[in-house]
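Student: Work the whole structure out from these sequences, hints included.
These protein sequence lines map, in sequence, to chains A and B. The numbers in the numbering used here rise by one with no breaks, and the one at position 217 of the first sequence is 217. The numbers in the numbering used here rise by one with no breaks, and the one at position 121 of the second sequence is 121.
Careful, some of the hints might be misleading.
The calculated DMTMM-like cross-link candidates involving lysine to aspartate or glutamate, where the alpha carbons are at most 20 angstroms apart (straight line), are [unchecked claim]: (1) K225/B x E7/B; (2) K294/A x E77/B; (3) K294/A x E7/B.
With the Cβ distance kept under 10 angstroms, some of the chain A side facing chain B (calculated, not the full set) [claimed, not checked]: (4) I233; (5) Y286; (6) Q290; (7) N297; (8) H299; (9) S302; (10) G315.
Label pairs and their computed distance ranges (CB to CB) [said to hold, decoys possible]: (11) K294/A x F150/B: 49 to 59 angstroms; (12) L82/B x N230/A: 31 to 41 angstroms; (13) L362/A x T80/B: 24 to 34 angstroms; (14) N53/A x L25/B: 26 to 36 angstroms; (15) N89/A x L25/B: 57 to 67 angstroms; (16) K116/A x T80/B: 41 to 51 angstroms; (17) I233/A x F260/B: 49 to 59 angstroms; (18) K236/A x F85/B: 25 to 35 angstroms; (19) L82/B x N89/A: 46 to 56 angstroms; (20) Y84/B x N230/A: 18 to 28 angstroms; (21) L25/B x K294/A: 36 to 46 angstroms.
Think of the hints as simulated: they come from the structure by calculation, not from any bench. All residues carry an ideal CB built from backbone N, CA and C; glycine is no exception.
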Amino acid sequence: MKRIICLILAFVLLMTTTACSGNFTQVNLNEPIAIPENGIVEKSVLDKVKNENAIATFTGSSNDIKYEWTVFGSDINETKDVNLSVVLNKSDKGIKVNFTETKDLGFPALLSIHIKEKWSADSATAFNGGKGVYSVSVTGSKTSILNISVNKIIREIEILPDETKYTEDTTAENTNPTENDSVSSEKDKYLSGVQNSDDRVYSDGTATGKDKYDTDPVPEGKPMPVEPENQEINNKKTYTCIFSIECSTILNNLSDLDPDKRHLVPSDGVILPPTKVAFYEGESVYDVLQRVCKENNIHMESSWTPVYNSAYIEGINNLYEFDCGELSGWMYRVNGWYPNYGCSRYQLADGEKVEWRYTCDLGNDVGREGTW
Amino acid sequence: MRDSFLEYHPFINLIYFGFTISFSLVLTHPLAQGISLVCAVIYAVSINGKKSVIFLLKYCLPTVLLTAFINPAFNHEGATTLLYFPNGNPLTLESILYGFSAGVMIITTLMWFSSFNRLMTTDKFIYLFGKVIPALSLVLSMSLRFVPKFKSQMQTVTEAQRSIGRDVSNGSLFERTKTAIHIFSIMITWSLENAIETADSMKSRGYGLKGRTAFSIYRFEERDKYALIWLSFCGLFIIEGTLLNAFGFRYFPDIRYAAFDMTTIPFYCVYSALCITPVILNYKEERKWKTSVSEM
Numbered sequence: 001m002k003r004i005i006c007l008i009l010a011f012v013l014l015m016t017t018t019a020c021s022g023n024f025t026q027v028n029l030n031e032p033i034a035i036p037e038n039g040i041v042e043k044s045v046l047d048k049v050k051n052e053n054a055i056a057t058f059t060g061s062s063n064d065i066k067y068e069w070t071v072f073g074s075d076i077n078e079t080k081d082v083n084l085s086v087v088l089n090k091s092d093k094g095i096k097v098n099f100t101e102t103k104d105l106g107f108p109a110l111l112s113i114h115i116k117e118k119w120s121a122d123s124a125t126a127f128n129g130g131k132g133v134y135s136v137s138v139t140g141s142k143t144s145i146l147n148i149s150v151n152k153i154i155r156e157i158e159i160l161p162d163e164t165k166y167t168e169d170t171t172a173e174n175t176n177p178t179e180n181d182s183v184s185s186e187k188d189k190y191l192s193g194v195q196n197s198d199d200r201v202y203s204d205g206t207a208t209g210k211d212k213y214d215t216d217p218v219p220e221g222k223p224m225p226v227e228p229e230n231q232e233i234n235n236k237k238t239y240t241c242i243f244s245i246e247c248s249t250i251l252n253n254l255s256d257l258d259p260d261k262r263h264l265v266p267s268d269g270v271i272l273p274p275t276k277v278a279f280y281e282g283e284s285v286y287d288v289l290q291r292v293c294k295e296n297n298i299h300m301e302s303s304w305t306p307v308y309n310s311a312y313i314e315g316i317n318n319l320y321e322f323d324c325g326e327l328s329g330w331m332y333r334v335n336g337w338y339p340n341y342g343c344s345r346y347q348l349a350d351g352e353k354v355e356w357r358y359t360c361d362l363g364n365d366v367g368r369e370g371t372w
Numbered sequence: 001m002r003d004s005f006l007e008y009h010p011f012i013n014l015i016y017f018g019f020t021i022s023f024s025l026v027l028t029h030p031l032a033q034g035i036s037l038v039c040a041v042i043y044a045v046s047i048n049g050k051k052s053v054i055f056l057l058k059y060c061l062p063t064v065l066l067t068a069f070i071n072p073a074f075n076h077e078g079a080t081t082l083l084y085f086p087n088g089n090p091l092t093l094e095s096i097l098y099g100f101s102a103g104v105m106i107i108t109t110l111m112w113f114s115s116f117n118r119l120m121t122t123d124k125f126i127y128l129f130g131k132v133i134p135a136l137s138l139v140l141s142m143s144l145r146f147v148p149k150f151k152s153q154m155q156t157v158t159e160a161q162r163s164i165g166r167d168v169s170n171g172s173l174f175e176r177t178k179t180a181i182h183i184f185s186i187m188i189t190w191s192l193e194n195a196i197e198t199a200d201s202m203k204s205r206g207y208g209l210k211g212r213t214a215f216s217i218y219r220f221e222e223r224d225k226y227a228l229i230w231l232s233f234c235g236l237f238i239i240e241g242t243l244l245n246a247f248g249f250r251y252f253p254d255i256r257y258a259a260f261d262m263t264t265i266p267f268y269c270v271y272s273a274l275c276i277t278p279v280i281l282n283y284k285e286e287r288k289w290k291t292s293v294s295e296m
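Tutor: So this is what it looks like as structure tokens:
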């Protein structure tokens, strides 16, 4: 009797040890890997990342500025020893980046630079000899993280804040000077390019208290919400807007991400690059999002929330709220402003720039201003 | 068919159902679910006969279809979009399959419990748990006993009332309702009183006191020993398989599952063997009985 039990136990033990070495699931290279002093990450490490289809992070620091590389195993075609060390120097306005590696990496990778202060703009561009070479997305709440998607190594770049982002648009399309007059303060340059919407009502900033859908007063110069039941869609007039969907904040918080969802995150965080989208006069951000997602076969789930009289976007591309920590979810920004009301209540105007961004910190990491 | 697994020690019965029911709830791999469902149905039919076939077709089949329909109405997660609902949310393949799987899980558990109820009678229950958790096992056995007892008492009371002219099947709607309420009130009073009486009676017999023994006809025999070894081997093996993710299956956001190869097949074989154990025991016993009859 005892002998039999012993035999069974031994057998079970044997099974455990043999089966543990078996590869049943994707092994997540969850822990960040420190870049060695000489900067060289060996071929074997990259082979492992590639074979396990993992997402690896390599961390290092230069001049007290921390940086990390995020490498997607699925993106790796060829492997070889690569030098991932980077020299970072502060310049007057931005940051100078010198790559040590001279040849190409052989795969696209995301370089995230954790600067110690808040970046002065919503986005940035990397320049080489006066020419913009990489676009840089900015995330992070109190201190900023600059994300550069590196395809080809350009040895010396300088990252500078984008200040002229929206003013450029306005000079190009500034055909309605009367609209400009009605918008007074310097901050509202975003709206001056808006051509149509003669009937659009802007907030004068004098309202106090919440409206009947629990919305705080809309800041001065921003469009007032239009209730979905009052929106009249005019099929005869079509306008265009720039639409984009991205989730680069997840790349900075990969450890919080639901492991089942890892493969859904694009290596540069962009789900839909800025795209010119046509829409009918009177349509809301929600209407356009729904159509854009259908047309591009991007999964999207929303639920109608009567309290806020708007649809709530639960998930895009199967990345849902709370999938990357308990403060995560989808937010939208129009011309650089995060409206304080739902996307069904924002009636779009011609030429507006709509960004859907995934936040891991209630919007603080994607440039939302103000407190909740 | 004669159920010889019924005659095994109650502890063996309990372990068997503990494993099968909990594995049916934990393992979501369709193959594991299929194994469990098929075995549960075979066993239930072999001990309950026609009744469980009718139950299966009448209630279980609709349950599966219902969950497969209802889940996608509320759950829109999943990578494979089939079409769009009028409100713009997608209907996904994954949510339909998940609903189907949930339905199968429910009916598998129901089938196991229908056999469980047949095997684990109140006396076995009290025998197993009377010493360890006396109060809870008494309450459990009383409440399990309550439904059939209530039914038969209801019959008695209804007949008695009918004989004094209060018939539930006669008279106007108001009168009938009045009679029914009257009978129901009698039943409530009776069941409360009965519960107190049972509790008092058990107390006066010294139930739950230290050193009190209870009569039982169960003996842990040689065959129970082997059954115990077999069941615990299967159970541990499958628990290990679960830890190693051999039964791994996920529905969202897209369907992924553990490879079905030489590393995982043994776990499925052992799982089938565990679930089908009582049927095989019954079959063996039947064969033995038949050969011994023919030898006579």
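Student: Now, for every hint given, state plainly whether the structure supports it.
Tutor: Verification of the supplied hints:
1. K225/B x E7/B: Given that 20 angstroms is the threshold and the Cα spacing comes to 14 angstroms, the pair holds.
2. K294/A x E77/B: Within the cut-off at roughly 15 angstroms; holds.
3. K294/A x E7/B: violated, 61 angstroms
4. I233: Hint on I233/A: violated, closest Cβ of chain B at ~15 angstroms, above 10 angstroms.
5. Y286: holds, 9 angstroms
6. Q290: holds, 5 angstroms
7. N297: holds, 7 angstroms
8. H299: holds, 6 angstroms
9. S302: With Cβ-Cβ at 7 angstroms, under 10 angstroms, it holds.
10. G315: Holds. Min distance 7 angstroms.
11. K294/A x F150/B: 49 to 59 angstroms: Holds, since K294/A and F150/B (Cβ atoms, about 57 angstroms apart) stay within the stated range.
12. L82/B x N230/A: 31 to 41 angstroms: holds, 34 angstroms
13. L362/A x T80/B: 24 to 34 angstroms: Roughly 32 angstroms apart at Cβ, these two residues keep to the hinted range, so it holds.
14. N53/A x L25/B: 26 to 36 angstroms: holds, 31 angstroms
15. N89/A x L25/B: 57 to 67 angstroms: holds, 59 angstroms
16. K116/A x T80/B: 41 to 51 angstroms: holds, 45 angstroms
17. I233/A x F260/B: 49 to 59 angstroms: For F260/B against I233/A, whose Cβ atoms are near 51 angstroms apart, the range 49 to 59 angstroms holds.
18. K236/A x F85/B: 25 to 35 angstroms: holds, 28 angstroms
19. L82/B x N89/A: 46 to 56 angstroms: Hint holds: Cβ distance 54 angstroms, inside 46 to 56 angstroms.
20. Y84/B x N230/A: 18 to 28 angstroms: At roughly 25 angstroms between Cβ atoms, N230/A and Y84/B fall inside 18 to 28 angstroms, so the hint holds.
21. L25/B x K294/A: 36 to 46 angstroms: holds, 38 angstroms
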